[in-house]
Structures are given as structure tokens and as C-alpha cells.
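Here the protein sequences come in this chain order: S and U.
Numbering (the working numbering) for the first sequence: 1 to 257.
Numbering (the working numbering) for the second sequence: 1 to 398.
Please keep in mind that the hints were generated in silico from the structure rather than gathered at the bench.
Source: prediction; values computed, not measured.
Quick reminder that beta carbons are idealized off the backbone N, C-alpha and C, glycines included.
One thing to keep in mind: the hints can contain errors.
[Claimed, not checked] Okay, the calculated bits of chain U under chain S, using three or more residues with CB under 8 Å as the criterion:
| no. | stretch |
| --- | --- |
| 1 | 9-16 |
| 2 | 207-220 |
| 3 | 224-235 |
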Amino acid sequence: MIIAKNLGKTFKLSRRQKKEREAESQNGEVQAVAGISFICQPGRIFTLLGPNGAGKTTALRMIATLLKPTSGALTVAGFDVVKQPQEVRRKIGFLTGTTKLYERLTPNELVKYYADLHDIDKSLFAKRREELFTLLDVHAFANRRIGKLSTGMRQKVSIARTMIHDPEIVVFDEPTAGLDVITSKNIIQLIRSCKETGKTVIFSTHIMGEVSLLSDDLAIIQHGKLCYNGAYKDFQRQMQRESLEEEFIRLVEEVPS
Amino acid sequence: MKTIITIFKKELIDSIRDRRTLIAMVVIPLLLFPVIISISSKMMMSQIKKAQEKTIKIGLLTNGNAEAFRQTLLSKAGIQLIENVTVDSGRTLIEKDSLDALIVFDQDFDKQVAALLPGKVAMYFKSTERIEIEKKRLADLLNGFEQNLRSLRFKKLNLDEAMVKTVEIAEHNLASPKEKLAEAIGGFLPYLFIFFCFMGSMYPAVDLAAGEKERGTLETLLTSPAGRFQILLGKFGVVVLTGILSAAISMLGLYVGIRQAGEVPPELLQSILGILAPQSIVLVISLLIPLTVFFAAMLLSLSIFANSFKEAQSIISSMMIVVIVPAFLGMMPGMSLNTTTALIPILNVSLATKAIIGGTVAPTILAEVYLSSIILAALSLWICAKTFERESVIFRGA
Numbered sequence: 001m002i003i004a005k006n007l008g009k010t011f012k013l014s015r016r017q018k019k020e021r022e023a024e025s026q027n028g029e030v031q032a033v034a035g036i037s038f039i040c041q042p043g044r045i046f047t048l049l050g051p052n053g054a055g056k057t058t059a060l061r062m063i064a065t066l067l068k069p070t071s072g073a074l075t076v077a078g079f080d081v082v083k084q085p086q087e088v089r090r091k092i093g094f095l096t097g098t099t100k101l102y103e104r105l106t107p108n109e110l111v112k113y114y115a116d117l118h119d120i121d122k123s124l125f126a127k128r129r130e131e132l133f134t135l136l137d138v139h140a141f142a143n144r145r146i147g148k149l150s151t152g153m154r155q156k157v158s159i160a161r162t163m164i165h166d167p168e169i170v171v172f173d174e175p176t177a178g179l180d181v182i183t184s185k186n187i188i189q190l191i192r193s194c195k196e197t198g199k200t201v202i203f204s205t206h207i208m209g210e211v212s213l214l215s216d217d218l219a220i221i222q223h224g225k226l227c228y229n230g231a232y233k234d235f236q237r238q239m240q241r242e243s244l245e246e247e248f249i250r251l252v253e254e255v256p257s
Numbered sequence: 001m002k003t004i005i006t007i008f009k010k011e012l013i014d015s016i017r018d019r020r021t022l023i024a025m026v027v028i029p030l031l032l033f034p035v036i037i038s039i040s041s042k043m044m045m046s047q048i049k050k051a052q053e054k055t056i057k058i059g060l061l062t063n064g065n066a067e068a069f070r071q072t073l074l075s076k077a078g079i080q081l082i083e084n085v086t087v088d089s090g091r092t093l094i095e096k097d098s099l100d101a102l103i104v105f106d107q108d109f110d111k112q113v114a115a116l117l118p119g120k121v122a123m124y125f126k127s128t129e130r131i132e133i134e135k136k137r138l139a140d141l142l143n144g145f146e147q148n149l150r151s152l153r154f155k156k157l158n159l160d161e162a163m164v165k166t167v168e169i170a171e172h173n174l175a176s177p178k179e180k181l182a183e184a185i186g187g188f189l190p191y192l193f194i195f196f197c198f199m200g201s202m203y204p205a206v207d208l209a210a211g212e213k214e215r216g217t218l219e220t221l222l223t224s225p226a227g228r229f230q231i232l233l234g235k236f237g238v239v240v241l242t243g244i245l246s247a248a249i250s251m252l253g254l255y256v257g258i259r260q261a262g263e264v265p266p267e268l269l270q271s272i273l274g275i276l277a278p279q280s281i282v283l284v285i286s287l288l289i290p291l292t293v294f295f296a297a298m299l300l301s302l303s304i305f306a307n308s309f310k311e312a313q314s315i316i317s318s319m320m321i322v323v324i325v326p327a328f329l330g331m332m333p334g335m336s337l338n339t340t341t342a343l344i345p346i347l348n349v350s351l352a353t354k355a356i357i358g359g360t361v362a363p364t365i366l367a368e369v370y371l372s373s374i375i376l377a378a379l380s381l382w383i384c385a386k387t388f389e390r391e392s393v394i395f396r397g398a
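Next comes chain U alone, as it looks inside the complex (with noise of 0.2 Å):
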């Protein structure tokens, strides 16, 4: 065991002081978060402002119809009517985005509506997701105008509004904020607490085995008493280290990014803050902790193989897929934990912080993913100890 921790010392320093491991440890995981949602925070809510300070222009087609709105458009600020338009000069003025919006009422629009039949009115735009909230000021617009010739009508009947209403649906969602958070953004903190577990192993991984193979200190460390699964283990403690601390600081880098963000809704900040909690943050450490020795054993016995740091990082890079994939299956939606994708690594340990996130989880499927995980990752560490035996493998290209 001394001989372990003095190995496990020795690499924990070189590690700190290679620049690469810091930054991707330390400095990309605390800083991503807060960067991200600063400026997607800053920059949304500048082109909400912006689409709602907006003068729109809209071409208004009445054929001498629906005077009410006309006034009502020509009153209203923000809006520029242009009305000198025809149906395809308008859809050409939208289509070179020099107008936003056209409203053609029908020739018969006012005779229709006398008639009690309904009025029939054209509405031209381009929908992009920029558009969205000017579009829905002028459907408000639009919404306005037929709810006022609705009672109108009504009133004109000597008929009680409420009567056209023969049920009446009260939705209640009993999803707590968490669980909607958890749905909204769960499945993408578990692949971002995952990426960061593999980042931070991986530089760790690919210095402590193929760089040292590449500067010609191994072979040096292996004529010194210490076994080689002695030597596995204390490089396999720094980059299991580093893998949990990455994540680790990635959650802090979130929990400061949310703090900074001024702009968020208190009911968010609260679901967003209620997951940050300790028992939730110790149950999603837990579980990363022997993904992180799974990722790590693979990463060593990936290392360890290449002759170079360029060969094992192109190695690493490519296997990347492998990581990624499942953890991004799991931002899919319909899919949850369950007594079979518990069993599927990566996979399993992204919906059961998704579940924890939401606070849905079951024990006895948290329990499965506990046991696969750790499964894998004695199995791995085993396959891991092996290459690390083999002359072929530690002296290949020697």
C-alpha cells in the first residue's frame, strides 16, 4: 500500500503541474457552465427585448372590411401599417423579409359576419423562431378582434357566452419543478457531468502511460521494487481522481453560473439550486465514481498500448464515440431508467442522474445500475492490470 501512495504522490504532482491536465480538470469544467449561461442567458433575453420593442410591419389587405381592426392596428405603437399592398406584393415583401406580416380579410369579410358565418381572414409570415414573438403580438391582435366580435354576436343573439362551452378542462400537472426541470435539461447535465469525467481522465491517462512509455521513464520506474500493479494502481488513482474532480468542479462551475446569471426566474433558480443539493450531489458523485474507473481503466490500457502521446490521444479521440452516444441517448426523450437500461453502461448512469435530478429514482434500479457499474468497472480494471503485464504491449515498438 506505501508503495501505491507513494506512486499515486509522485503522478498527482507531475499531473498538477502539466498545463494541459489543469485545464482540463480544472479551468474548462469551472468555466464552461458559467460562460454558457452567461452569454445564452445574455444573448436570449436581448432578442426577447428586441422582438418586443420591435416596430412590426404589416401589410393590411380590408377590401374595405374590418375597419374595427384597421383602427385598432393604426392605434397601437410599435406597429408600421403599410396598406398599399396586394396579396402577391405582399408575399414577396415577406419572403425578402422587408415585411413581417400580411392580413388579407375577404371581400365578403363584414357580409359573412352580419350573416352569424364566420369571417374569413389570410395571415402571411415567414415562421423562424426569431419570428415567433412578433408573431404572437399580432395574433394577440387578431385573438382581440374575434373575441370582440364574438360577444358582439352574442350579445346581438341575447345569448350568454359561457353557453358554447359544454366542458370545461382543468389541467393539473403535478410534475414538482424539479421533475419538469429534470425533463427539460436532465438529460443534458448527466452528459455534460459524463463528458466531463472522460476529459478530465483523459489527459491524466495519456501522460501517466504513453508519455511516460514516449519520454523513456517507465522503463526506468519498472527495474524499481515496486510491482507492476502497484505502479497501475497509483497512476490509476490519479486518473480516477482527476475524472471525479473534473465533474466535481464542472457541478461547481454550474452551481456559480446559475448564482451569476441575474436574469433567471426564482421558481428556476430554486429547481436548478434543488439540484445542486448535497444529497443529490453525493448520489450523482457516487455513481460517476466507478464510471470514472471504468473510463479510466479503458483510457490506461488505451495509453498503454500507444507508443507516443499523438498515437494514444488519436487512439483515445476515436473511442470517444463510444462515451458519447450513450450519454447522449440518454437526452433522448421517452427514455428512462428501467430494469434493462440499467444494465447498459454509460447509458445507465445518465438516466439515473436524469432520475435523481428529477427525484424519481427507484432504489432497486439505482441499486442495478450501483452493481453493473462496478461490475464493469472491476472488469476493466482486470483487462487494464493484464495489458499492464504484457512485454508486448509495454515494449511494443522497442
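The shape of chain S in the complex, shown without the other chains (with noise of 0.2 Å):
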């Protein structure tokens, strides 16, 4: 389970920053999450929706310990994200669509790099590779060097990379982003397999179509508050337009910047 509580992030601006970005920022700070509150729940996909520069991956990197909140409280799998980030690190498993892999090691040697990292014992090792392996199909260039693998067989030895350790928790930051239609189903077919396995599955996007199918709640940000968070059953009953992207636009156009 994560549970964010009015978590905010704000980032002090270098000095050129500070001349290129005048207009947003405040004292020399911008305040890329300003305050919000969230539950996302095992068994459940947790999606966040929002434009580009809303505060979405700020979000999820906190989330991830990669960024430290400078305000509120935020637990990830019971453990709390400053006090203890090595515990949240091993709980979680963390995605993105532009994850990029180490182009000289093969796909068995970056996956046991992992799974040393997280400490799992040989026979654990060998039983998920097996398993992992067989379900993604990677047998076949297992010993490849990954710079010479296709983007479709990367994006499976990604997923491999992020589940090794069987995460309690999934991160996904715009997960399919610049990925073709067959490796972009590969990755909603796992978000959906980490539900069933009940992993608590927090995912980011701005493609709506990902949205209706795989949600259960939705929080959408814009500005870096949220101005929706609740049930998606319950956001399609509110909804004051026909269809959820003319719906998402009223809404994120209501945010004041």
C-alpha cells in the first residue's frame, strides 16, 4: 500500500532557471507537487492522469526514493520514504517507458545483476528467471548482448529487470511512452497481471484509452494538485462531458497554475 499525505516537492531553480523560468516560480523555488493526498491499494491499479509538467513523475520518483519530498508524509509498503528508503527500494518495482538497460551485458547478466542487488539467494534466482523468461519469451536471445536486441525484446527484458525481485509494489511511469502497439500491450498485459496477483500498481499517462482500461482509482494532477482522487467507477458517474478526455481537459483547465 502507498499512502501519500499532502506530499509536496518543491525544487530550488539554478539561476538560469530562475531568468528562463520568472513566471512560475516563487523566491527562486517551483513547486512541482504542491500538497496532495492519495491511497493506492493492493489488488488495485492506481492510475495518475495528467499533462506534461503536471508533477506526475515527480510524484512517482518520490515514490521511487529517487526524490525526497520536501513536505507531508509519504509510506510506501508501511516503511517511510526518508526514513527508510533502502526498505521502500526493496519492496518496489519501478518501470518506465524510457527505461533504458545496459547495452554491453546480456539479458541473463543484467537480471542477476538485479537480483544480487536485492539479495535473492541462487535457487529463488534461478526459479524467477526460469519463470520470467518463459512468460516474456527471452530464451531465445537470453546471451545477446542487449545493444543488439530490438526495442520489443528490451522492453521484455526491462520487465524482467523490474519483476525479478517480485515486488510488493509496481511503479509505472508513463510506461508505454514511444512504444509500438504489440511491446505497449506487452505492458498492460503486465500492469494487469501484477492486479491479479494483488502487487499494488501505481501507473502514470496521459493516453486516455490506458486509462478506462486498466484503472480502478484515478487521481488527476495538473499544476502538481490533484483535481480528482477517487473510485474510477465513481469519476465516470461525475463525469460533466461525453468523454473522459473532454472531461479531463474541463478539469485540469479549472487548476489554477
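Build the complex from these two chains, which are given one at a time in their own frames, with help from the hints.
Structure below.
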């Protein structure tokens, strides 16, 4: 489970950024996430929807302990992201559409590397690797350098890398961005299978089709603030516009910058 | 510790598979010395041989004097005598490189000599390094002529030639061949070792920090249970190892280069091989370790700050001057290791290496060099760790 209470993140701007972003900044700072609260439940898919630059990636990076919150509280699988970041990282799997892999390693070596970082014992690693490689059809290229693999093959390796330690919580940051239809379909299947196995899933997107396809819970973010937070079914019931896209635009346009 | 080793092993494999790292770490240090030694010794030997075998064109204007000298020149092989010259035409020919030298005897040369006075001779030549051997051949002939005239004069006066010598100085240079060599090339070797330490560390540092950031793999690694300091230490270990290996390989290259150069005088060969004695190598490498730690920390800090491989390379290239200048200062004549220079980073290692090569290093000053280098290494590692923790650096430009 992920619990965020009044979660905020402010970035200090460099001298050059201050000049470039004079209009948005206050005292040389920019508030990327402005006190948001939400709960992601196990066995449910929580979708974070928002336009580019709304604060989705910053929020997910705080969950993954890549960034420290500047205000509020955030617990992941019962651990505080500021006080127990290492424990949090043991529990999460993190995948983005732009995730890159070590091109000079083979899929076998890469997955072993992450298994070692997660301190998984040899027999358990062998079992999980076998399961994942079979499921994702990686065996055929498991010993080929990643640099020589196609985008689709790489994405399969990325998934295996994310899931090798069987994470309790999976964070997907725009996981299908820039991917073709077939590779995107694999990711969608992965997100669904995570839900089916009782994992807590949070994923960010700006693709409306994915929202309707996957969401159990939905939060819409704009200018670092949530303009909707609740069950997706409730959202559908309350919609004031005909399509999800129009309703989304209506909501985000109402948020003051 | 297990996590650090895991990261170290992975980064090492990754670096070894990178062609640029391999070239900078192994190929260049291994081949540079043999290639330089081989080319320079071959070129030097061929130049000397050419100068020794060359027929020297000498313009001679005796004005009817010094017939004995003229006859000597005529009888010598490898000398072409040109007598129909004037001072002006001879000078012009030398300037145009058509003549190697012009020797002009004063009109009253023979008279002066007969009157027991010095006879005047002018020698015109163009001094360049290439011409030195040819000039020496000519000077030897003139000296022989002068010696001959002196002997005749003393004989005529019925005097012992030895009586002109009032003081006989016997010089005893107590510097060992190693010390002499250290003075001659001792400053150059540390410069190269330091340079290779830096070069060997540079590519892995750029690749493992800025390269990883640019390729987008750093973010994924940071979401693993490995702590940032553990990640840094794993990477850091590889950067230090490649730097040290690069310097060690350059020493091996030097050894191979000297061994394969066939025309090195045996005394010089012995001295050079003395430098490469296990004790000297261990001491030099032990000095290079803290220096490489400093380089690795500095390079990783700069590299992690950059957003791309290219940006890191341009930042680090401009920083090379910081390494080259103090290392180069160690080559300056008169620069020696003392309590003050032992505290100046890079220069201290350069001078200490020079002293180790010469076998003149004082243990107390060497200890000062170690201490200051270790403190600097620890400080730079601390700065690097702090840099690696900063969100604004890791996600700079993201």
C-alpha cells in the first residue's frame, strides 16, 4: 500500500533556470507537487493522469525514493520514504517507457545483477528467472548483448528486470511512452497481471485509452495539485462531459496555476 | 560490502567491454613507450650515422698560411675542400646550406706563430643540433693542428709542455648512474605515469557516471536497494583500478620498450632496469594509489554533474590542465622534494617518484607525501559522495 498525506515537492532553481522560468517561480523555487494526498491499495490499479509537466513523474520519483519530499508524509509498504528508503526500494519495482538497459550486458547478466542487488538467493533467482524468461519469451536472446536487441526485446528484458525480485509494489511511469502497439500490449498485460497477483500498482499516463482500460482508482494532477481523486467508476458517473478526454480537459483547465 | 562488490563487478565487466576504455587503459599505455623508444632511438642512430658518414664541405682560405693543416684536410676521407672562396661568398654559401663551414686563416698567421704569438683563425658555421656532430669532426681537426703547433713551439723553446698546467683538477662525480638518469629523465617518467593514471581513470569515470545518466540507466539503478554511497563506491573502485592498471601497464610498456631497443648502451640499460626494480615499482604504485583516488573522485564528481558523455568530456578535458601543470613542474630543473613541495598535490607525487627513481628519497618527506595525498584523496571522495547525494546534480536537466 502507498499512503501520501499532503505530499509536496519544491525544487530550487539555478540562476539560469530562475531567468528562464521567472513567471512560474516564487522566491527562486518551483512547486512541482503541492500537498497531494492519495492511497494506493493492494490488488488495485491506481492511475495518475495528467498533462506533461503536471507533476506525475515527480510524485512517482518520490515513491521510488529518487527524490525526497519537501513536505507531507509518504509511506510505501509501511516504510517511510525519507527514513527507510532502502526498505522501500526492496519492495518496489520501477518501470518507465524510457527505461534504458546496460547495452554491454546480456539479459541474463542484467537480471542477475538486479537479483544480486536485491539479495535474492541463487535457487530462488534461478526459479524466478526461468518463470519470467519463459513468460516473456526471453530465452532465445538471453545471452545476446542488449545493445543488439530490438526495442520489443529490450522492453521484455526491462520487465524481467523490474519483476525479478517479485516486488510488492510496482511503479509504472508512462510505461508505454514511445513504444509500438505490440510492446505496449505486453506492458498492459503486465500491469493487469500485477493487479491479479495482489500487488499495489501505480502508473502514470496521459493516454486516455489506458486510463479506461486499466484504472481502478484515478487521480488527475495539474500544476502539482490533484483535481480528482477517487474510484474510476465514480469518476465515470460524475462526468460532466461526454468523453473522458473532454472531462479531463475541463478539470485541468479549472486548476489555477 | 556485498552490494559494493556486486556493483564493482558489473561496472568492471561493463568497462572492459567498452572499446574506448580498453584503448585508454591498455592499448595506449602498453604501446606508447615501445613505439616512442623504438622510433626515437632509430631516428637518433640514423641521424648520428648520417652525420658521421657525411662528406663535409669545407671552405678554406689560408692566405698562404697553415700548409700542414691544408694537407691534413686534403688527406682526410669524408672532407671536400673548396679553396676558391672569399669570406663573403663562403658566408653566403653557408647561409644557403651549400657549405658546412668556412675556415679563414689570418694573412700573418704563420708569422704570428713563428713570433711565438697566437695565430688567428676564424671559423664560420651554422649551429643546429644536426650540425653538431659535423662541427665536432672539424673542431677535432683544428684542435689537433693547434696541439701540433704547441708541441713544436715548446720543443723549439726547449720547454716541457706539462709546465703550462698549474692546476690539475680531478673530477669525481659520485652520482650513481641511477641518480644521473633520474636527473635526466626522472622528471619525465612520473609525468607520464601521472598522465596515464588520469587517462586510465577518465573514460570509465565519464562512462560510469555521465554515460549512465545519459543512457537513462542510473535512475533504474537508484531505485534498487543499493544505497547511493554503495553505488558510488562500486563505480569508484573500477575507476581507481583502471587508473592504477593504466599506470602499471605503462611501466610494463616501458620495460618492453627498453628490452626491445637493441642499441641502448649496457650501463644505461642497467640503470633503467634498476628503476623498474620491484621495490621502486611498489613504491611508485603505492604513491599513485592515493593520487588515483583523488583523480577518480574528482572525475566522478565532474562526470556526475554533466548531463551527457560529451558534456563530461568537455568539462574534464578543460580540467586536464590542473593535472598537467603540476606534473610538468616536476620536470623543471632545480625542482626537488622538500617539506613544502611534499604538500602540493600532484607535484608531490611527481617529485617523490623522481626521488624514488634516483634512490634519494627521504623517508620522512615520503611519509609527508603519503599523508597529504591520503588526506586529499579522502577529502575528494567525501566531496564526490556529497555530489552524488544531491538531487539537483543527479536529476540536473531532467
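Do the hints match the structure? See the list:
1. 9-16: With 3 residues in contact (Cβ-Cβ under 8 Å with chain S), the coverage given for the stretch 9-16 of chain U holds.
2. 207-220: holds (count 5)
3. 224-235: Coverage by chain S holds for the stretch 224-235 of chain U (4 residues, Cβ < 8 Å).
Hint compliance for this structure: every hint is met.
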